[in-house]
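So the chains spell out like this:
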Amino acid sequence: MGRLARYTRRAVLLGSAAVAGGVAFGYWQYRRELPNPLRPAPGQAVLNPYLIIDAEGITVIAPRAEMGQGNQSTLAALVAEELEVPWDAVRVLHGPPAQAYYNGALIAGHRTFRDGDAGVMQGLAEAAGEILPKMLGMQVTGGSTAVIDAFDKMRLAGASARETLKVAAARRLGLPVAALAAAGGAIRAPDGTVLGYGELAEEAARIEPVRGVALKPRAQWKLLGRSLPRTDMVAKCTGTAEFGADIRLPGMLFATVRMNPKLGGGMVSFDAGAAEAMPGVEAVLDLGDGIAVVARNTWLAFQAAEAVRIDWGEAPYPPATGRIMAEIARALDDRPNSVLQDVGDVEGALSGAAESGNATVIEAEYRVPYLAHATMEPMNGTALFVPGERLDIWCGTQAPLLARDKAAKIAGLKKDRVHVHVPFLGGGFGRRAEPDAALLAARVAVQLPGVPVKVMWSREEDMRHDFYRPAAIARMRGAVAGGRALALDAKIAAPSVSRQSMQRIAGFAPPGPDREHVAGAIDQPWAIPNYRIAGHLADVAVPVGFWRSVASSFNGFFHECFLDEMAHAAGRDPLEFRLELARAAHAPSAKLLETVARMSDWANKPAGTGRGVAMTWSFSTPVAEVVEVAESPDGIRITRAWVACDVGTALDPGNIRAQMQGGLIFGLSAAVSGEISFEGGEVEQFNFPDYDPLRMNTAPQIQVEVLENNHHIGGVGEPGTPPAAPALANALFDLTGRRARELPLSKTFDFAV
Amino acid sequence: MGFVISVNGRSHEVDLPGGVPLLWVLRDELGLVGTKYGCGVGACGACTVHVGGEAVRSCQMPLEEVAGPVTTIEGLGTPGTPAAIQRAWVEHQVAQCGYCQPGQIMQAAALLGENPAPSDAEIDAAMRGNLCRCGTYERIRAAIHAAARMMREG
Ligand code: FES
Ligand code: FES
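Chains as they are written, first to last, in the numbering used here: chain A, -17 to 735; chain B, 2 to 155.
Bear in mind the hints are in silico, worked out from the structure with no lab data behind them.
Cβ coordinates follow ideal geometry from the N, Cα and C atoms, glycine included.
Treat the hints with care, since some could be wrong.
What the hints assert, rightly or not - Listed next, with one range per pair, are the computed distances between beta-carbon atoms:
no., chain 1, residue 1, chain 2, residue 2, range
1, B, P63, A, G233, 50 to 58 angstroms
2, B, S7, A, G719, 44 to 52 angstroms
3, B, G43, A, R193, 55 to 63 angstroms
4, B, Q61, A, P588, 49 to 57 angstroms
5, B, Q61, A, K397, 40 to 48 angstroms
6, B, R129, A, T175, 25 to 33 angstroms
7, B, R129, A, P588, 45 to 53 angstroms
8, B, E55, A, Q81, 33 to 41 angstroms
9, A, G719, B, G54, 46 to 54 angstroms
10, B, E66, A, P431, 34 to 42 angstroms
11, A, K397, B, S7, 46 to 54 angstroms
12, B, R129, A, A589, 42 to 50 angstroms
13, A, R188, B, G43, 35 to 43 angstroms
14, A, G233, B, A118, 34 to 42 angstroms
What the hints assert, rightly or not - Output of the computed footprint for chain B on chain A, the stretches with three or more beta carbons under 8 angstroms from beta carbons of chain B:
no., stretch
15, 58 to 70
16, 515 to 524
Based on the provided sequences and hints, a complete structural model is requested.
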């Protein structure tokens, strides 16, 4: 059977209760009752559409994009733990886009160290304001929320299914349910009878699902809390894992696009004469704001696309980096969009300190550039359009519902006629939360009715058509006296990711304070008596988006470098200085600093090295990092790094360690050399030589410890990133005495390559 | 016209211009999509395959210059019968998104073919052309050491 037939069948099956002799637990019930997804009644066990049992075994629907974070494995383990099935019997599918798979944690927002305080947990719900109802359909992978969202939902789905299977077995055997036990993928009776789940599935499908099942206490966990082999590992090590770029359909053509590099500008005209005459070229399509070349293979399409002569319209933003940064700096003089943290009397403390002879006041301005995601797999999408009937899209997307709804408009179809299939993502980091690659594929397919077409972007097209991490500028002021922090005042300006993103999703941006813009700066676990964070929004039309850890990526840098400056101004060791501030605010966070101090043997720094420390709370997880640098004949090397995080409950410690390593490397890569700059309205970077991340020989050796003192589960995909840049910059200061206040650090220091 | 190349022990006749890079012949013509496109300019290593036993960037090798038998990740081992190096990769749970890993594994396999017991520095030197945006370098290094041990001990 062809792939299309296979996917079609799968989509149909998942939409109904019975699955070819099996059962999709909960789906029908969910559709019938539609309980309020935000506030399920206390104690109510809500079954969710997470599980298919058929004669072949157990398939868990993990409705979040697998882009490397290992979330699909952990989500499957949540179901498997309660269902009582062996780990190697579990298969995982992403499943179809559906409202039922809304991301409740993304809507609810994240936890701060003041757990339970009113008014500090509103997150996106606050940002979204009155359009929240529109957002309820969000099936989004992002914000390090997958496991937080699923922790109860998916365990309950497993527990309810287990108990329902018991009822089915009890009826068949004429025994009371209490006499039966579930273990190893089967129901076991006292007389030794064993009924496999597969044998019972059909019967169970006809029974009202059992509810109100108590979840296992942690002490009884067999899978959770252990480092499990990932369900996708063998496929990913044998080249058999299917990414979006790998989709192949019978009769498929290969296409690429060239869109205006002056981002958001239109297309005046184009001349495809030369391109159309090139070998293997089937068509050059007018997309209005760009062109697509359809060819016999991808490389021929790339070549022909280069040969199209295009006259582009102008960009809707200042054409060069200098003017863009001036625009952002100007926002610092406007009234702030938010002052979400204003503790004590900052102005009074600063002016008092300036007048007193015993206090020191310091000021500094910090800057960071735009950044690209540069996922390892360039953007792509594959689509097949049957006019008036259906549109199928295969795309590694973090937001399949959004892609579906917008593609339906493009194709002139009802939403339920659009089917989005989500294969593995070759990296996401927030880039694939934007539906643009799926929609471009749809736009090309609509012009080629009945012909499956894969639209592969070149690396250059990908690098130059991103939704970038915004550039940002911060003005910091601080006061110290008697070796202690008196005051910290931060004004942070950047274009707003949430506003731009909401504008794209919903057509307008919500007014009011933008909490995400100051995340990583507000609600940090430091007991500074006078402490104010103001957010200023700059209006620059360069497309910006969610980049691993979003605004915490720059706010962590601003805050933690400046806290280091304050420590030095106070004549204190930067780790000791922080420890004192953290102990008075939040004991588990202080514990992280103690942990990295022990791991790195902070007090006994080897000669010829520099050490820096930083700690940022983001996505409900505080992370402390120490980075070590050393001089070498070839330049400065980043030699070692130590990471301690507190995730509350570590569901898969091995995977969490991998995410912390990856998050650190992602942050260090950007800090060392990451920069997207503009000239003539166009991004100046094209490919990895111009935007080169850390490599095996330039990456540090990393040790990670995972702590569990927090009372909530924290995210793991993003929180490792924010402390990386400041820990490195602080280490470079320690090594050289030079304080870099601008990224990338390669502007100030010579690194070994 | 037409070129004949041998891939994973099978011979294929390919009717394409000689300038088409081996990468796209493998992926689009032969359907061997385990070999990945990352940059197209020799800067990332995602497209690494073996030609005549040597690791090469298939995005930089035109079809007309392919002068030996080609081995891709699909030819190294399968999910049912993985090569030792692939078993080491699984044991160390190396992959995150996994997109760079076929290239990493092919590069590492070539290294171990030449040097059965590489040091950390030798691993760094051999692997520096292979980017991993997910930051799996630490586990890659561990897996290479483990694979070297497995291969030495048979
Ligand atoms: S695709 Fe060949 S080196 Fe990047
Ligand atoms: S595992 Fe994602 S790029 Fe290497």
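A quick look at each hint next to the structure:
1. About 27 angstroms separates the C-beta atoms of B:P63 and A:G233, a value inconsistent with the hinted range of 50 to 58 angstroms.
2. The hinted window of 44 to 52 angstroms between B:S7 and A:G719 is violated, with their beta carbons roughly 60 angstroms apart.
3. At about 58 angstroms, the CB distance of B:G43 to A:R193 agrees with the hint of 55 to 63 angstroms.
4. Judged by the Cβ atoms, the range 49 to 57 angstroms given for B:Q61 and A:P588 is violated: they are separated by roughly 41 angstroms.
5. For the pair B:Q61 and A:K397, the supplied restraint of 40 to 48 angstroms holds, since their beta-carbon distance comes to about 44 angstroms.
6. For the pair B:R129 and A:T175, the supplied restraint of 25 to 33 angstroms is violated, since their beta-carbon distance comes to about 60 angstroms.
7. Distance hint check: the CB atoms of B:R129 and A:P588 are about 25 angstroms apart, inconsistent with the given range 45 to 53 angstroms.
8. With their beta carbons about 52 angstroms apart, B:E55 and A:Q81 fall outside the hinted range of 33 to 41 angstroms.
9. In this structure the hint that A:G719 and B:G54 lie 46 to 54 angstroms apart at CB holds, the actual value being about 51 angstroms.
10. Distance hint check for B:E66 and A:P431: the Cβ-Cβ separation is about 39 angstroms, which falls inside the suggested range of 34 to 42 angstroms.
11. The given range of 46 to 54 angstroms is respected by A:K397 and B:S7, whose C-beta atoms sit roughly 48 angstroms from each other.
12. For the pair B:R129 and A:A589, the beta carbons lie near 27 angstroms from each other, so the given range of 42 to 50 angstroms is not met.
13. At roughly 60 angstroms, the beta carbons of A:R188 and B:G43 sit outside the given window of 35 to 43 angstroms.
14. At roughly 49 angstroms, the beta-carbon separation of A:G233 and B:A118 lies outside the given 34 to 42 angstroms, and the hint is violated.
15. Check on the stretch 58 to 70 of chain A: 0 of its residues sit with their Cβ under 8 angstroms from a Cβ of chain B, so the three-residue criterion for coverage is violated.
16. Given as covered by chain B, the stretch 515 to 524 of chain A fails the check, having 0 residues with a CB less than 8 angstroms from a CB of that chain where 3 are the minimum.
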